[in-house]
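**Student:** What follows is the residue order along each chain.
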Amino acid sequence: MIINPYVYKNPVCVPTTGGSSLIANGTTNVFEAPAYGLYNYSWSSFIYTAGLIGAARQITGIQIEIAGYTTPYTFNNQTIKLAHLAPATTQFDTAPAINWSDMPVSDVTIVKEFNWIITANGIIDINFDTNFCYNGTSNLIIGWENRDGTWTSGYGWAETISSAGSGAIQYLDANYPTGNGIRISNRMNLRIKY
Amino acid sequence: MVDRQALVEELEQHGNVVFCDENSELSYIVVMSDWTADEATFEAIANIYIIPDFPEMSVLTLVDGVLKAQFNKQRV
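Chains A and B, in that order, give the protein sequences.
In this note's numbering, each residue carries its 1-based index in the first sequence increased by 1178.
In this note's numbering, each residue carries its 1-based index in the second sequence increased by 4.
The shape of chain A in the complex, shown without the other chains (with noise of 0.2 Å):
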């Protein structure tokens, strides 16, 4: 049985309007993020520290940055995820869970559900279903769940920066992925979005 001790305040989101400087600005291909066209399913998962994400806010949405698709390409029934991370926590474990079940999290949250049809290369604007209200002070995780249930060559690779364990990838065939991914140390170039 795993007990989760993070426990954390109730957040106050402020009701500004904007967005964040882009989150690193790497130049590593990661094919497998946030969602591997090779294999018909696949999960990625990447950790921001607070100190990157900023102040207590409403998070709307995010941009990453991707290259490489032939477009257009469609990824159909991908899932976002967003969730309060403990702030001592920064890295995955080194057989991180996909259900995040090793993680102290809180405050997970389908913030996307979507057919993510990629027109075009470059940053990308995803705009959220329901609003992640973030408290300012724990990390912030992010879970990209790709249930496509088909693969399509002519995929491409987010653009991401080196951060020792800040990653975590899957990919199978026959089914979605369910246990443990495979630690990287990498995580996506992103923007935050309020």
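Treat the hints as calculated values from the structure; they're not laboratory data.
Small disclaimer: the values here were computed from a predicted structure and weren't measured.
Every residue gets a Cβ at the ideal spot worked out from N, C-alpha and C, and that includes glycine.
Careful: at least some of the hints might be erroneous.
Stated by the list, open to error - Derived DEER-like restraints, expressed as beta-carbon distance ranges:
| hint | chain 1 | residue 1 | chain 2 | residue 2 | range |
| --- | --- | --- | --- | --- | --- |
| 1 | A | Gly1229 | B | Phe23 | 37 to 45 Å |
| 2 | B | Glu29 | A | Ile1360 | 21 to 29 Å |
| 3 | B | Arg8 | A | Thr1252 | 21 to 29 Å |
| 4 | A | Thr1328 | B | Gln9 | 23 to 31 Å |
| 5 | A | Pro1250 | B | Lys77 | 19 to 27 Å |
Said to hold, decoys possible - Chain B is nowhere near these chain A residues, computed Cβ spacing over 12 Å in every case:
| hint | residue |
| --- | --- |
| 6 | Glu1210 |
| 7 | Ser1340 |
| 8 | Lys1371 |
Stated by the list, open to error - Calculated Cβ distances over 12 Å to all of chain A for the following chain B residues:
| hint | residue |
| --- | --- |
| 9 | Glu14 |
| 10 | Asp38 |
| 11 | Asp57 |
| 12 | Val67 |
| 13 | Ala73 |
Based on the hints, put chain B in the right spot on chain A.
**Tutor:** Structure of chain B alone, referenced to chain A:
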């Protein structure tokens, strides 16, 4: 440049070629069904035909006869 025709002829001796081509400017992928050999056999073929142009094999899986592999090169 990958000699695709020669590569496909080699691969077809061990299974059915589902896809064998450039996936993007920086990646080359091979997808085989009914692969009857082992992974080492595939790697030996890849070393001859793919690795010279796409030197990094980032993925190789073989599940229920379906072999998938991706090879990458750095952006210039």
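**Student:** If a hint holds in the structure, say so; if it does not, say that too.
**Tutor:** Checked hints:
| no. | hint | in the structure |
| --- | --- | --- |
| 1 | Gly1229/A / Phe23/B: 37 to 45 Å | holds, 43 Å |
| 2 | Glu29/B / Ile1360/A: 21 to 29 Å | holds, 25 Å |
| 3 | Arg8/B / Thr1252/A: 21 to 29 Å | holds, 26 Å |
| 4 | Thr1328/A / Gln9/B: 23 to 31 Å | holds, 27 Å |
| 5 | Pro1250/A / Lys77/B: 19 to 27 Å | holds, 25 Å |
| 6 | Glu1210 | violated, 8 Å |
| 7 | Ser1340 | holds, 15 Å |
| 8 | Lys1371 | holds, 28 Å |
| 9 | Glu14 | holds, 20 Å |
| 10 | Asp38 | holds, 14 Å |
| 11 | Asp57 | holds, 16 Å |
| 12 | Val67 | violated, 7 Å |
| 13 | Ala73 | violated, 9 Å |
In summary, the structure is inconsistent with hints 6, 12, 13 from the numbered list given earlier, while agreeing with the others.
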